[in-house]
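Chemist: Convert by adding 143 to the 1-based position in the sequence shown; the result is the number in the working numbering.
Simulated from the structure, these hints should not be mistaken for lab results.
As the structure is a prediction and not an experimental result, all values here were calculated from the model.
Positions of the beta carbon are idealized from the N, C-alpha and C atoms, including for glycine.
Don't take every hint at face value.
Label-pair restraints from in silico Cβ distances [what the hints assert, rightly or not]:
1. Arg221 - His191: 32 to 40 Å
2. Ser346 - Glu168: 52 to 60 Å
3. Phe348 - Asp176: 56 to 64 Å
4. Ser158 - Val398: 26 to 34 Å
5. Arg306 - Ala342: 29 to 37 Å
6. Glu168 - Leu381: 41 to 49 Å
7. Leu293 - Ser158: 33 to 41 Å
8. Pro278 - Ser346: 37 to 45 Å
9. Leu382 - Lys303: 23 to 31 Å
10. Thr228 - Ser158: 17 to 25 Å
11. Ile370 - Pro307: 37 to 45 Å
12. Lys175 - Thr228: 30 to 38 Å
13. Lys263 - Thr228: 25 to 33 Å
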Amino acid sequence: MEINVEMNERSQVSSIPEQVALDIEAYLTRFKDPKKGLTMLATKSQIHVKTLNRLREQTHNPNYATLYKLYSCLLDSRDLNHLVTKVPPVVREKLEKTDPQLKSSPLHRYNFDLDADLQKDPCFTELYVLSETRPFDANFVQQRFGSYGLGVLERMVDLKVLRPLGNGLYGQGEVRAPFSAEAIKAVGIRLTERYLKPANADSNFANFMSLYFETVSEETYKQWVQIEEDAFKARVKLLEKPNAKGNIPVFAFTVVDTLLENE
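Produce the entire structure from the sequences given, and follow the hints as far as they go.
Modeler: In structure tokens form, the structure reads like this:
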């Protein structure tokens, strides 16, 4: 569905909230019952109805992950690179400016369908992550996951998520996952359960673990979230330094959230 992107371009929309609100309303005109349309959009995009309503009211400024989920539905595109060329200019500008994937890996192709595999398949997840950190061979896959793993390996090569490097080794392919919030949760928990080594906490610089819970003000909570976002950006920036890359495969999984179940 092409929504009304061309019309919105001519109307010189200048803000993300205004553009998003216009495009959601254009989508809802397809339905006799807008509430039903909104529910369908929420299910398909995995964006809560409350959030969609805040977007319609222009009281929420979406981040790049939310924009991807929304416009992949509005434009019916599962390929992130194609999606970026189709979204309205004001949205494209934000994606290119804020998404670290587009800036760090311009030659990669991102496909939303891979997120489902990352959420449900431990073998797919581990091979995906390892391919970005160190090469492996079919023997490793068979020992770790048996014949099922070899089937997943073959499929990942066919999807171009993995590629042969020679000498029987496999590494990162050109097709990558954009990592929705749901995929980040699934992969982060899986890596934590598989690779986090509590015993190493007794050694300096071996790893880092933290846990904190408290009742805080809204302003303090926002600052907590900002601190973790800044820390993530600092880690990414650190990798730009000479000799930052090495032979130690690592992972970092950070979470800050409320202890409220229904929000």
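Chemist: Now tell me, hint by hint, if it's right for this structure.
Modeler: A quick look at each hint next to the structure:
The supplied range of 32 to 40 Å is broken by Arg221 and His191, whose beta-carbon atoms lie about 21 Å from each other. At roughly 56 Å, the beta carbons of Ser346 and Glu168 sit within the given window of 52 to 60 Å. The given range of 56 to 64 Å is respected by Phe348 and Asp176, whose C-beta atoms sit roughly 58 Å from each other. Between Ser158 and Val398 the beta carbons are some 30 Å apart, a value that agrees with the proposed interval 26 to 34 Å.
For the pair Arg306 and Ala342, the beta carbons lie near 36 Å from each other, so the given range of 29 to 37 Å is met. In this structure, Glu168 and Leu381 meet the distance hint of 41 to 49 Å, their C-beta atoms being roughly 42 Å apart. With their beta carbons about 50 Å apart, Leu293 and Ser158 fall outside the hinted range of 33 to 41 Å. The hint said 37 to 45 Å for the Cβ distance between Pro278 and Ser346, and at roughly 27 Å that hint is violated.
Between Leu382 and Lys303 the beta carbon distance is about 24 Å. The supplied range of 23 to 31 Å therefore holds. The beta-carbon spacing between Thr228 and Ser158, approximately 21 Å, falls within the hinted interval of 17 to 25 Å. Roughly 42 Å separates the CB atoms of Ile370 and Pro307, a value that falls within the hinted 37 to 45 Å. Distance hint for Lys175 and Thr228: a CB-CB separation of about 32 Å, consistent with the stated range 30 to 38 Å.
Between Lys263 and Thr228 the Cβ separation comes to about 29 Å, which falls inside the hinted range of 25 to 33 Å.
Checked against the numbered hints above, the structure breaks hints 1, 7 and 8 and satisfies the rest.
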